[in-house]
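These protein sequence lines are chains E and S, in that order. So for the first sequence, this note's numbering puts the first residue at 1; every next one is plus one. So for the second sequence, this note's numbering puts the first residue at 1; every next one is plus one.
Don't read these hints as lab results, they were simulated from the structure. Cβ atoms here follow ideal geometry from the backbone N, Cα and C, with glycine treated the same way. Treat each hint with caution, since some may be false.
Here are some chain E residues the structure puts well away from chain S; computed CB gaps all over 12 Å [what the hints assert, rightly or not]:
#1 Asp36
#2 Thr39
#3 Glu41
#4 Asp53
#5 Gln133
#6 Glu139
#7 Ala154
#8 Ile191
Derived list of chain S stretches under chain E, where covered just means 3 residues or more per stretch with a C-beta under 8 Å from a C-beta of chain E [claimed, not checked]:
#9 40 to 48
#10 80 to 86
#11 107 to 119
#12 148 to 160
#13 236 to 249
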Amino acid sequence: MQRIRLLFAAAAILLLGFLSFPHPASAAEEEAKYKDKYTEECAHMLAEGKTLDDCQTAPNPLLPETNEIIWGVVGFAVVFGAIAWKGLPAIKGSMDARTERIRSDLDAAEAQRTEATGVLAEYQAQLTDARSQSAAIIEEARQAADEVKATLVAKAEADVAEMRTKAAADIEAAKVQAIADLRGEVANLAIGAAEEVVGANLDRDASVALVEAYIDRVGANR
Amino acid sequence: MLALEFPPLSHIVNWPGLAGDGQWWEINKVVLVYGAAVLFTLLIFILGNKKQLVPTGAQNLAEMAVEFVEDGIVMETMGKEGIKYTPYLLSLFFFIFFTNIFEVIPIIQMPASARIALPMFLALLSYVIYHGAGFKSHGIGYIKHALVPPGVPVALLILVVPIEFISKFLVQPFSHTVRLFANLLAGHILLVTFAVLSSGLVVAKWYVVFSPLPIIGVIFFTAFEVLVSFLQAYVFTLLTGVYINAAQSHEH
């Protein structure tokens with residue numbers, strides 16, 4: 001690109017040089033005055049007391065030469081027209097496409113967000129349902145456990161009562177047996193003692209009857 | 001013959017002061033172009049800063065432009081690490097583009113980049129930024145990073161290190177400057193040349209038959225310079241991105 005521009009610049013300068021070459025008829029006339037209008041302007045400026053620096057700046061602080069403005073406007077108008085004709089629709093098209101793409105992306109994101117919100121609500125409902133179900137199951141299990149516990153406690157209490165009753169009966173029987181055994185033993189001891197005291201054998205059956213009658217009487221008095 | 005008088009180069013690039021003539025703060029046409037370019041660059045930021053969710057019109061255009069710089073320059077040259085440089089590169093691109101495009105705007109017809117001050121300032125600013133990025137990334141080891149390419153035999157370092165130093169620390173900002181300056185100055189001269197030629201030929205006698213050629217030239221180069229204005233802004237910004245990336249990169 002740089003080479004192409006240099007080639008164009010060289011061609012333009014050559015053409016400029018060719019066209020600037022003074023016509024033989026006017027050459028002598030030009031030589032008599034100044035080389036060109038810029039040299040003439042500079043000469044006048046120097047004559048007016050200005051410096052060489054003044055000659056080295058553009059004549060107008062803002063505007064280029066009139067011919068530059070005219071042809072600059074022509075070139076710009078054509079290029080601007082071409083851009084407005086072909087370029088702007090393309091630029092506008094890509095801008096519209098971008099706007100549409102962003103809008104559709106946003107719409108898609110909004111749709112996904114709505115869908116996600118729905119799914120979330122569904123999950124939350126399912127979660128709530130699961131929680132209530134689990135609470136019901138736990139309550140049911142608790143009640144069943146309470147029932148089992150009550151049954152077991154009642155059974156245990158019944159068993160304990162039965163065991164107590166049986167134990168009391170056993171104790172009573174043992175007691176009766178013990179008393180009977182004790183009574184026999186005491187009677188024997190008493191008879192033996194009485195035999196020793198009186199020195200004579202007593203009739204055994206009569207002695208036992210006497211002792212037992214005595215014990216019964218003592219027991220009745222207590 | 002044609003009364004064809006081409007203005008001196010100084011007349012098409014050297015503008016007298018509108019205020020403060022000769023002072024350091026002199027305001028001339030080039031300074032006005034800088035000001036206009038700053039305004040247009042700010043406008044891009046202001047328009048791009050609208051918060052409409054679905055952008056339309058100017059906001060859309062500004063966002064497209066920002067996306068172009070971010071995707072086409074920042075991500076291409078530096079990747080995600082370069083995102084922090086987006087504001088600078090964005091400003092650089094639009095400021096250069098707007099200073100360039102005044103080359104074809106009627107009546108103004110002066111690219112501020114055709115004066116070396118602006119390209120030189122921007123190149124030096126970029127120079128400070130990319131070497132700063134290098135020192136920030138590598139510390140003092142950046143000097144070795146910059147001067148010693150990987151894999152070079154030790155014996156060649158005596159030759160390579162001075163070359164790298166001249167290339168990266170001296171020539172690089174110069175080439176960065178001249179690339180922009182020379183392109184815009186050449187374009188400006190071309191447009192003036194073809195305008196003078198067109199003007200001379202349409203009033204000539206039989207040479208008038210050639211007048212369509214320079215007129216076509218004016219039109220062609222006006223379009224071409226629109227492209228050049230864009231491309232040179234892009235190239236300057238792209239190279240800045242490349243230099244920053246090369247300075248801060250750890251891929252040695």
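Handout entry: Violated hints - listed by number, lowest first
Key = As far as the earlier hints go, 1, 2, 3, 4, 9, 10, 12 and 13 are violated by this structure, in ascending order.
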